[in-house]
Amino acid sequence: MSEIKKIKNLKEFSTSADRFEGANLLCPGCAHSIIVREVLNATNDDLVLSAATGCLEVCTAVYPYTSWDASWIHIGFENSATAVTGAEAMYKALKRKGRLLQPDRNPKFVAFGGDGATYDIGFQWLSGAFERGHDFMYVALDNEVYANTGGQSSGSTPIGASTTTAPAGRVSYGEKRLKKDLVGIMAAHGAPYVAQVAPNKWKDMTKKIQTGLKTEGPVFINAMSACTTEWKFDPADTIAVSDLATDSLVFPLYEIINGRELNITYRPKNIISVRDYMGAQGRFKHLFKPENEYIIDEWQKRVDAEWERLQRREEARV
Amino acid sequence: MADTMELKDVEVWDGNLASAHSLRQAQVDVVAAYPITPSTPIVENYARFLANGYIDGEYVMVESEHAAMSGCIGASAAGGRVATATSSQGYALMVETLYQASGMRLPIVLHVVNRALGAPLNVNGDHSDMYLGRDSGWIQLDTFSPQEAYDLGLCAFKIGEDHDVRLPVMVHQDGFLSSHTAQGVKTIADDVAYDFVGEFKPMNAMLDFEHPATHGVQTEEDWHFEHKARQQYDLMTKVYPKTKEVFAEFKELTGREYKMVETYDADDADVVITALGTTVETARVAAKQLREEGIKAGVVAIRMIRPFPMEDVREAFKGVKAIATLDRSSPHGTVGMLYNEVAGAMYQMKDNERPLVSNYIYGLGGRDITVKHLKDIFSELIANVEAGSVTTPLQQYVNVRGPKLSFL
Amino acid sequence: MANKGWNEFDEGALLFSFDKNVAMNDIATTHAEDRPYSKSNSFTASVADWRIEKPVFNQDYCIDCQFCWIYCPDISILSRDKKMVGVDYDHCKGCGICVEVCPTNPKSLLMFAEATNDDEAIAKWPEKEKKEK
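Protein sequence lines, in the order shown, are assigned to chains A, B and C. For the first sequence, the residue numbers in this note's numbering are 1005 to 1322. For the second sequence, the residue numbers in this note's numbering are 94 to 501. For the third sequence, the residue numbers in this note's numbering are 2 to 134.
These aren't lab readings, by the way, just hints derived from the structure by calculation. Glycine is no exception: its CB is placed at the ideal position from the N, C-alpha and C atoms. Among these hints, one or two may not hold up.
To be verified - Calculated pairs, DSS-like style, for lysine-lysine (alpha carbon to alpha carbon, straight line, at most 27 Å):
#1 C/Lys132 - A/Lys1273
#2 A/Lys1015 - C/Lys129
#3 B/Lys381 - B/Lys411
#4 C/Lys83 - A/Lys1009
Stated by the list, open to error - Some chain C residues well away from chain A (every beta-carbon gap over 10 Å; in silico):
#5 Trp7
#6 Asn8
#7 Asp20
#8 Lys21
#9 Gln60
#10 Thr105
#11 Lys125
#12 Trp126
#13 Lys132
Claimed, not checked - Which chain C residues stay away from chain B? Per the calculated CB distances, all over 12 Å, these:
#14 Asp11
#15 Glu12
#16 Asn118
#17 Glu128
Next up, chain A with everything else stripped away, as it sits in the complex (with noise of 0.2 Å):
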């Protein structure tokens, strides 16, 4: 069992040597960086990693530029987690078969995917590795859109976001579609340990990371991406926007234990209101109108009652 980092403060942190690259093609103040950064960094053990296609892949491992300092492996749009999972049968074997290379290394395998491959297209995959059981980790870079491509609908867009294929317009609010709940889904696979994270909150992102490392079996992680290019709002921006996301309850962050203990891992001090989070965003400003404003208020129950909701099952344990 290889020794868990420790990351006291974000000072003792910041001695950590980043196996991530820059000069890479993601947007300029893209979140996603700031996630595989807290990710990788909150680790010194050997890594297997994959990612799905799109913006991460499309942007880290264009020939003749790789951004990891790490073995990584990019199939197709799918196949992240079956990719990753893979490997890890790969490791088993070796290890059973004592042909591993470097047998005294505990590497972890960790597989990146966007909301479109994990949510939609991957789905299938990442429900059919959770089922068997790899020892592994999936982080879902969530920024609720088909970003790489130019911001068409995915299983994660939520209700009245504008995107290219649901875009708002004259008799359109855009998006129709509720967000998919994947973090319960992955939860009722009975899977040891999922969570929700968001790059803001790195503290906690971190020891959620760390605790899914050090778990058996597979662990999903859904991380919070706010898209400056794709939600629309200044580069700059990018953890200001988070930290509206946060606190608005619209990404509540918690961690569930075995699909059943479920803890609220950050309750913000002030709650903001929905409106205050979608106003921040241009993918959003159509709602503003008089007649879709009432989006905005279904919004807002909709968030207090899962709010409500996580309370209740986190008082319950079940």
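Assemble the complex: chain A is given as a structure, and chains B and C must be docked to it using the hints.
Frame of chain A; chains B and C shown alone:
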């Protein structure tokens, strides 16, 4: 440590069991697989071996064929021996990953138990799945019997894993006709078979933490062409000599000789049937009977479908006057693949040396083809020779109910 | 790197992060300046030309809180031994997050036009902002 099996010199195995034994003897490190008729018994037999202590690799039963090949790719990039099996719809589902595996230059062995592609849905044997993957960049070998499925199943690892080759390999066999038909298969002892295949030697392995590698990069208009050119170069120049070497080694070990193009009585033949799969054996019976009647009939089978052995194909057809190319896959609007590939190979020959070529579509969805059907085809070839031109329509359908179907 | 022919790279869709002749150990505890990066590592590339504005670091006000280090998407805030050292201008895309998250008053990082001379920027540094009650 996995247990070894004591095999008889000759075991009664069907093609699926023979393939499963080749996987067992090669000591595959990771098999990621999904069941589909008629390849299912390969994974079932493998599971049985595992349950009884004969396998110490990992066996991952995934949730779809696409996941099977995806898992194989991840495992192969990690750095070890990988294999799986599929058919038809499953093969079609994993087609995307076939291109990914070969583009990433990862050695993986895939047993394809050839079955028709729907719609309409059909579980029986034909070559539509084989034809679908033609351009996927894999090394593709065809087998005509359980013995061959076993033998080439072992050779496949040796060819694909070579560090100059580094390409995935398909081993095809006819669904049901080979996979579910038993014959006396001459076996190789476990340790001898493993020694022949050899230990897996990792290259660019993800599990080599001292040399982290990024697998599956993207290439745009400035780099894609060079990558595909490189793949073509290696397919066109490295595979043939390596395969020849492996076949020679195999012959020395077992006495059984394999060639890229198999010829049966074709050296002095006037008329030749070209086919794939079990039809080759049926055609040989037909040709033999015709020889007894004084007709110089022969059979040419293309064992190495990819990379296409153009020189060997031309050599095999030298002096032949009329060829029937038999395709067991619906060509959907044109002549069959074998017609195109053979005619293409022969096109550069001088006019007077070029044989007559005609196309027959047969056996779709498991429809039988008999010695009589093949002898009738030979008769049509003889008529072509006598007339000095193709006397029939260019493409004919064999043994399908309804009015005679022919085109071109 | 560009203009290599089809015969001049590793087979597969493959790149190595570090010099192939070096056995990398302890990557996670070796800082960038000590790593034998390969020419294929994006660390060796520059995105300086993406910027129209750049962050300038003013040591005088910095409290080494490391917010800029952790929230920089592009690993362009250099921190060594728990102290802010400077900005990596090869990798900085000028997003401005570091300025936004800097908690000091006045801020220890501020955005200036790309062509600004760093000393001039420091000289122009604003005074401490009085908080309105």
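Is it correct that the beta-carbon of C/Thr105 has no partner in chain A closer than or equal to 10 Å? Answer for C/Thr105: holds, closest chain A Cβ roughly 15 Å.
Is the Cβ of C/Lys125 more than 10 Å away from each Cβ in chain A? Non-interface label on C/Lys125 holds, nearest chain A Cβ at 19 Å vs cutoff 10 Å.
Just checking, C/Glu128 versus chain B, shortest CB gap more than 12 Å? C/Glu128 clear of chain B: closest Cβ-Cβ about 48 Å, beyond 12 Å.
For C/Asn118, is the shortest CB-to-CB distance to chain B above 12 Å, so the non-interface label stands? holds, 36 Å
Test the statement that C/Lys21 is away from the interface with chain A: the closest C-beta pair must be farther apart than 10 Å. holds, 13 Å
Classify the label on C/Trp7 as holds or violated, using whether its beta-carbon is more than 10 Å from each beta-carbon of chain A. holds, 12 Å
Under the criterion that the straight-line Cα-Cα distance not exceed 27 Å, is the pair A/Lys1015, C/Lys129 satisfied? holds, 25 Å
Grab the minimum beta-carbon distance between C/Asp11 and chain B and tell me whether it stays above 12 Å. Answer for C/Asp11: violated, closest chain B Cβ roughly 7 Å.
Is the nearest Cβ of chain B still more than 12 Å from the Cβ of C/Glu12? violated, 5 Å
Beyond 10 Å on every Cβ pair: is that true for C/Asn8 relative to chain A? Its Cβ never comes within 10 Å of chain A, the nearest being 15 Å, so this holds.
Minimum C-beta separation from C/Trp126 to chain A exceeding 10 Å: can you confirm that? holds, 19 Å
Taken at face value, is the distance from the CA of B/Lys411 to the CA of B/Lys381 at most 27 Å? Holds. B/Lys381 to B/Lys411 sits at ~20 Å (cutoff 27 Å).
This entry does not satisfy hints 14, 15, going by the numbered hints stated previously.
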